[in-house]
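There are 2 protein chains.
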Amino acid sequence: MKIISDQYYINVHSEHNKPAEHASDGEIVIFQTRDCYNRLVQTEEKTLEEQVGEEPDNPSTGPLYVDGAEPGDVIAVDILDITVADHGVVAIGCGPFRNKEEKEPFHILPVRDGRVRFQDVEWDIDPMVGVVGTAMPGREIGIINAFEGGGNMDSRIIRKGATVWLPVRVPGALLVMGDIHASMGDGEVCGTGLEIDGEITVRVRLLKNFELNWPVTETKDAWYVNSCGDTCDDAIRAGYMEMRRLIAKAYGWSLEDAAFYMTLRGYLESNQACLVPHDTFRVGTPKVNGKPRLIG
Amino acid sequence: MKIISDQYYINVHSEHNKPAEHASDGEIVIFQTRDCYNRLVQTEEKTLEEQVGEEPDNPSTGPLYVDGAEPGDVIAVDILDITVADHGVVAIGCGPFRNKEEKEPFHILPVRDGRVRFQDVEWDIDPMVGVVGTAMPGREIGIINAFEGGGNMDSRIIRKGATVWLPVRVPGALLVMGDIHASMGDGEVCGTGLEIDGEITVRVRLLKNFELNWPVTETKDAWYVNSCGDTCDDAIRAGYMEMRRLIAKAYGWSLEDAAFYMTLRGYLESNQACLVPHDTFRVGTPKVNGKPRLIG
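Each protein sequence line maps, in turn, to chains A and B. Mapped onto the working numbering, the consecutive letters of the first sequence carry residue numbers 5 to 300. Mapped onto the working numbering, the consecutive letters of the second sequence carry residue numbers 5 to 300.
There's no promise every hint is true.
One copy or two, it doesn't matter: identical chains are merged, so the pair holds either way.
Said to hold, decoys possible - Here are the computed lysine-lysine pairs in the BS3-like style, where the Cα-Cα straight-line distance is at most 30 angstroms:
{"#": "1", "residue 1": "K104", "residue 2": "K50"}
{"#": "2", "residue 1": "K22", "residue 2": "K291"}
{"#": "3", "residue 1": "K253", "residue 2": "K107"}
{"#": "4", "residue 1": "K164", "residue 2": "K224"}
Bear in mind the hints are in silico, worked out from the structure with no lab data behind them.
If we strip away everything but chain A, and leave its shape as in the complex, we get (with noise of 0.2 angstroms):
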C-alpha cells in the first residue's frame, strides 16, 4: 500500500507533472488531501476573499503513475473508502445565486458523529470526491475543470464502494483526486458542497486496449457516463453519444437499438451545473442479470 501525502499537490493537470508516487495494477493507494481552499478558510471573522486571496481553488494529490499505463488502455479507481475532517467550508461562489457585488456568502460547518448541522436541519454525512482526472498530452488543464479525462467532475456518486473508469492518454495516466465534499447536492448550484479535508482509499486496476472517450462511473446497479460541456446541452449531448456507443458495443446492438433501449430505460443526472461554463452531467443505463458489463 502507498500513501501519496497531500505535501503533493497540483493545480494543473499535466504530463509534465512529475509522479508523486507510483502504483501497479491491484496496488492500493490513500490519497491525502486538502479542502478545495487550501485550508486557508479558518474562521468566520475574516471574509473569505481575505482567506483565499489569489489561491487557486481545488488543489488535488498526485500524480500517481500506474505502472503499464498506456495510452489507448483505462484505469479503473476502485474507492474503497473516504474519511473527512471535522470541519468544511460551504460558499455560494458562483451560479444562479451568486450576487458578485457582494463578498461571498460563506459558513465554516462542524461534521460530528458523521453528520452535518445546518441551521435546524442534520444530515448524515456522504463523503464524495470531486476531482479524480488525469492527464492530456500536449494540454495544461486547470484543476478548476472537467474534461474527458476527468478532473473536477462533482459527481456525488464518486462515494465508497464506486468505481471510475478513466480512459489513459499519457504514460502512466497520472492520476490526481481531491476536492472531497462532505455532503453535496446534484448540481452544486452554488460551486461547493462542503468542502472538507479527508484521505482517499483507493485501488487502481488497469485495463489495456479499450475505448473510452470520457469517464465512466460504475455502481452496485448502474453504469453512468461523465461528460462535460460549456452548457447543460452540450455536456447531456456528449454523455448520450458515449453510453449509445458503449451499450452498442457491449450488447452487441445496433444503434438504433441502443438508441432505443436508452430512451426506454436511461437516467440522466446533473453532477455540477452551476450554469457557468463546464456543467457536467451523468448519463446512465442500469446494470442488467446477465448482460456483459460496459467496461472491464
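Following the hints, complete the assembly by docking chain B onto the known chain A.
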C-alpha cells in the same frame, strides 16, 4: 367518482376548452387516455409516417373543471393508479439520435405480465403520465409543450403514489391528462417512451391562495419543482429559482440559507432532455422529519 372517456380529448391547452367533467375538492376521477399517436400506429409493416400522417401527438383527456378553483389557487392531483394496455410504441422521433433523412424508426412492443421485452432484455413496467396540465389565460398552448402550468412534462416520477401540485390560472383550472408511458428513461432522449393507452385514477384537491410558479411533484421522500425552457440551462435555472423560493418560504429561511441548503443537499434530474426546445427538469429537495411541507 367520475370517469372521463378518451372521447374527450384535446390537442391544445386553452381556457376556451369546454369542460368534459366537473369535480369537487377531494373527488376521485378516472381519465381514460389514448397513446400519443392516437392509436394510429398498429403495424410495423407500414412506416410510422404513413400511419400517423399529420395527426398531432399527445391527444390528452379532459379538461376537468375543479369546482371552486380560482386563479391564485393550487390544485393537488394525487396519482392513485395507472393501468396500461397490452402493447405500446417506441420511436426515435427527435433528439440527437434522430436522422431526419430517414424514416422514423419505431417498434411496437408487447406488455405481458407487467413486463416489457426489448431485444433480449425485459424489465418491469413503471407507468408514468407525460401530460398533466392546466390552462393559461390568453394563451393557446399545444399539447406537445411543457409550460409553467404543466403540460407535457414527461417526468418519470409522475407515477402511482406521486402528487402533482399545479398552479391555477383560470377558473376551474381545466386539468388535462394523457400521454402515458409504460416505461420511460430520464431524458427521454428519442422523444418517446413506451407510448400506450391507459387509465389514470386521480384524486383532485384544492388549496386556496398559494403562490406557485411551476408545477411541483411530491413523492414519499422528496419535493421536485418541474421546470422547462428552450435549453436545458434555461429549464434548470427556472427550477433552481422556484425551489429556493419555496424552501425559504416554508422553512422561514433567508434566500441565502436556502441556497446553501440546496448546494449541500439538492437533487437535479432530467425529465425530458431531447435537446430540442422544451427540455424539462426536476429540481428536488428531500423531505425532512419535523420540517414544514413545501406546499399544502
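Hint check results:
no.: 1; hint: K104 - K50; result: within (18 angstroms within a copy, 58 angstroms between copies)
no.: 2; hint: K22 - K291; result: neither (38 angstroms within a copy, 47 angstroms between copies)
no.: 3; hint: K253 - K107; result: between (50 angstroms within a copy, 24 angstroms between copies)
no.: 4; hint: K164 - K224; result: both (11 angstroms within a copy, 26 angstroms between copies)
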